[in-house]
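Trainee: Sequence:
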Amino acid sequence: MKFSLPVSDFNLEHTLECGQAFRWEKSGSFYTGVIGDAAVKVSFDGRKLAVEASPGADKKRIADYFGLNEDLPRIYKKIGGDPNIKKAIKKYRGLRILNQDRWECLASFILSSYTNIPRIKKMIASLSRRLGKRLVLGGTEIYSFPPAGKIAKAGMKELKGLGLGFRAGYIKDTAQKVASKKFDLDALEDLNYGEAKERLMTLKGVGGKVADCVLLFSFKRYEAFPVDVWIKRGLEELYFNGKAVTPEKAAEFARERFGGYAGYAQEYLYHYLRHEKERS
DNA sequence: TCTCAGGCACTAT
DNA sequence: ATAGTGCCTGAG
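Numbering-wise, the first sequence is residues 2 to 281 according to my numbering.
Since the hints were derived computationally from the structure, they do not count as laboratory data. None of these values were measured; they are calculated from a predicted model. One thing to keep in mind: the hints can contain errors.
Stated by the list, open to error - In silico BS3-like pairs for lysine-lysine, Cα to Cα no more than 25 Å straight-line: (1) K61 <-> K87; (2) K88 <-> K78; (3) K78 <-> K122; (4) K60 <-> K78; (5) K178 <-> K221; (6) K123 <-> K183; (7) K198 <-> K88.
Start from the sequences, fold in the hints, and give me the full structure.
Mentor: Structural data, given as structure tokens:
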């Protein structure tokens, strides 16, 4: 099925390549990925997001996935008072925070621990290829992200064979809890930010950073401010005169300075910092 | 060959 | 509370 979604203040490339999602592949002017169980191919011409998706795909869900319902100019007003964020916005205008599948997001960021983005992508690709559902869209083959039940049942040897390393134990353990409903991901919706984060952190392989990523990228909790090494270094350099701060302190500072949309500030800053480094 | 990644758990103070 | 240490693996 094909349809298009009109949207202004949107940039597809920045949105899909700022590091919040790991499975979108670019070919020409299109990006191909999976949303839930639907294969999706998208392109953007500056006015509307053109979508081709598996039959039966939910149009509203896809618009929601890309964050098209958020009022970006209003968010810019809230966080753009800071000169650094202002610069980052100018450069990456249209970058939107996605609203991803919760389980996929949680599992993906458990895998992100102590490794680099190319390898995270590789781990997720091999995991999906092995345990996900094969989908075909316009001749392109792609695999859905495996449900928790599939990963829960997979053997440790099999998972390690997919290159997950020591994370295999973490993801299997969490998959078992989610699949058995011992841990109800959707129930986090009813908790406030602090409670939800704390609850997520009871899972093996989930610390503060991963919990914040999950809340920001799949629960629309825009006050979440994931502090990774890049953000930590960046904040130290830009706001603490080069002095070292703990991740907790950095996050506290950010929420104070950027307020309820600290997470949006984080994404722009993160993207900005990474590309600054690439140049030098 | 070697270093180093988008953290976390575990242990010792 | 806070500080130190090891971890699978592969890309550069």
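Trainee: Decide, hint by hint, whether the structure agrees.
Mentor: So, going through the hints one by one against the coordinates:
In summary, the hint linking K61 to K87 is not supported, as the alpha carbons are separated by about 31 Å, beyond the 25 Å threshold. At most 25 Å may separate the alpha-carbon atoms for a hinted pair to count; K88 and K78 meet this at roughly 13 Å. Restraint check for K78 and K122: the C-alpha separation of about 33 Å exceeds 25 Å, so the hint is violated. Restraint check for K60 and K78: the C-alpha separation of about 29 Å exceeds 25 Å, so the hint is violated.
Restraint check for K178 and K221: the C-alpha separation of about 23 Å stays at or below 25 Å, so the hint holds. Proposed proximity of K123 and K183 is contradicted: the alpha carbons are some 29 Å apart, above 25 Å. Taking the CA atoms of K198 and K88, the gap is about 30 Å. The hint is violated against a cut of 25 Å.
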